[in-house]
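Novice: Listed here are the chains, written in short residue letters.
2 protein chains.
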Amino acid sequence: MERRDEILHIAGQLFSQRGYHATSMRELARHLNLQGGSLYAHIASKEELLIEVVRQAAARFLGVLEGLEGDPVAKIRALVRGHLRVIAEELPRATVFFHEWKHLSPPFLKEARALRRRYEEGVQGVVQEGVDKGVFRTESARLATLFLLSALNWTYQWYRPEGPLSLEEISEQYARLVLRALGVWEGGEDGEA
Amino acid sequence: MERRDEILHIAGQLFSQRGYHATSMRELARHLNLQGGSLYAHIASKEELLIEVVRQAAARFLGVLEGLEGDPVAKIRALVRGHLRVIAEELPRATVFFHEWKHLSPPFLKEARALRRRYEEGVQGVVQEGVDKGVFRTESARLATLFLLSALNWTYQWYRPEGPLSLEEISEQYARLVLRALGVWEGGEDGEA
Chain Y
188 MERRDEILHI
198 AGQLFSQRGY
208 HATSMRELAR
218 HLNLQGGSLY
228 AHIASKEELL
238 IEVVRQAAAR
248 FLGVLEGLEG
258 DPVAKIRALV
268 RGHLRVIAEE
278 LPRATVFFHE
288 WKHLSPPFLK
298 EARALRRRYE
308 EGVQGVVQEG
318 VDKGVFRTES
328 ARLATLFLLS
338 ALNWTYQWYR
348 PEGPLSLEEI
358 SEQYARLVLR
368 ALGVWEGGED
378 GEA
Chain X
188 MERRDEILHI
198 AGQLFSQRGY
208 HATSMRELAR
218 HLNLQGGSLY
228 AHIASKEELL
238 IEVVRQAAAR
248 FLGVLEGLEG
258 DPVAKIRALV
268 RGHLRVIAEE
278 LPRATVFFHE
288 WKHLSPPFLK
298 EARALRRRYE
308 EGVQGVVQEG
318 VDKGVFRTES
328 ARLATLFLLS
338 ALNWTYQWYR
348 PEGPLSLEEI
358 SEQYARLVLR
368 ALGVWEGGED
378 GEA
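Heads up: the protein sequence lines correspond to chains Y and X, in order.
Residue numbering for the first sequence follows our numbering, starting at 188 and increasing by one per position.
Residue numbering for the second sequence follows our numbering, starting at 188 and increasing by one per position.
What the hints contain is simulated information worked out from the structure, not anything from laboratory work.
Predicted model only: the values in this text are computed from it and were never measured.
Careful: at least some of the hints might be erroneous.
Stated by the list, open to error - Here are a few chain Y residues that face chain X, going by a calculated C-beta distance under 7 Å:
1) SER211
2) SER292
3) LEU330
4) LEU333
5) PHE334
6) ALA338
7) TRP341
8) TRP345
9) ARG347
10) ALA362
11) LEU364
12) ARG367
13) ALA368
C-beta: ideal position from N, C-alpha, C; glycine also.
Only chain Y is shown next, with the shape it has when bound in the complex:
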């Protein structure tokens, strides 16, 4: 692993475990077996680390959106699976993306908000497409989007690789719960839900 990647990796872990404010550069250097000063050869500030971790997590989530294809039901299935896989594979970074971004100051705060919004709007686009095609039924595509993203995001709190259900099983059942909430019934409109 490149030195910079390693620094970002450890920073993500510390920020997610202890919180951004409670993580000092000295502590970070200690975890990397570096002198405090030599850390600054690689990065300009603690805040630069935070925005970098947020960017990395955002890239993973936005990558899920880019890979979606097929009808709205297939897209929601792939979205649920992809979103949960990012959380499972990137638990510390996802936690920072979900929480610690708030401690950024402008202009980084604005950038983080824009990245989060881009993902939300992408998800809402899928929901809206389903509504427009008459496949999903919901009073408000906006609230339905917040509902499904809430159900997905919170999994970082309870998902554990050693849990009783595999990620694949959780994804399957979660997709079915989300699709039902969107009005797609088993054996419903699309004949495969």
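Mind docking chain X on chain Y? Use the hints.
Specialist: Leaving out everything else, chain X in the frame of chain Y:
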């Protein structure tokens, strides 16, 4: 407000905004216009404040469970409404209950886990009751419970009193989304969903 209540109120706000580790007793004293030392006339430690805030939030959530009555559909509706109301009214305390509890050490950590589990089990009991009565359909009452609690808990991230939908409207639509996910269709089995 009693002095101790005021201390807990401010502690909840600081812990939720900056995180438990990043909040110092000195800072807390400053927000209360107290000398650092005189804080200790009211409380023994920073950790005592954390467990107290967790207990207060837990009492509010458990109070929702105790107030449930009627059939499983009515219970889920009241649960969604009650849970969202606690979050809206107690945003800082709920945030601490959702996140900062992890920074407790034993035996407080164990107590916080038990309180959170008691609530989860209560919710799962309602889901299971609906399954047993043939009103809800779900592959796993456990996963459906985690799904609905995830959807509810995450609202503390985006709910704002000044938002476009009132708490009442959000609760109504959320309850319908949750009930659909549990297999209760509009005009479905219970004739009123």
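Novice: Give a verdict on every hint.
Specialist: Results of checking the hints against the structure:
| no. | hint | result |
| --- | --- | --- |
| 1 | SER211 | 10 Å, violated |
| 2 | SER292 | 14 Å, violated |
| 3 | LEU330 | 5 Å, holds |
| 4 | LEU333 | 6 Å, holds |
| 5 | PHE334 | 5 Å, holds |
| 6 | ALA338 | 4 Å, holds |
| 7 | TRP341 | 3 Å, holds |
| 8 | TRP345 | 6 Å, holds |
| 9 | ARG347 | 12 Å, violated |
| 10 | ALA362 | 11 Å, violated |
| 11 | LEU364 | 4 Å, holds |
| 12 | ARG367 | 5 Å, holds |
| 13 | ALA368 | 4 Å, holds |
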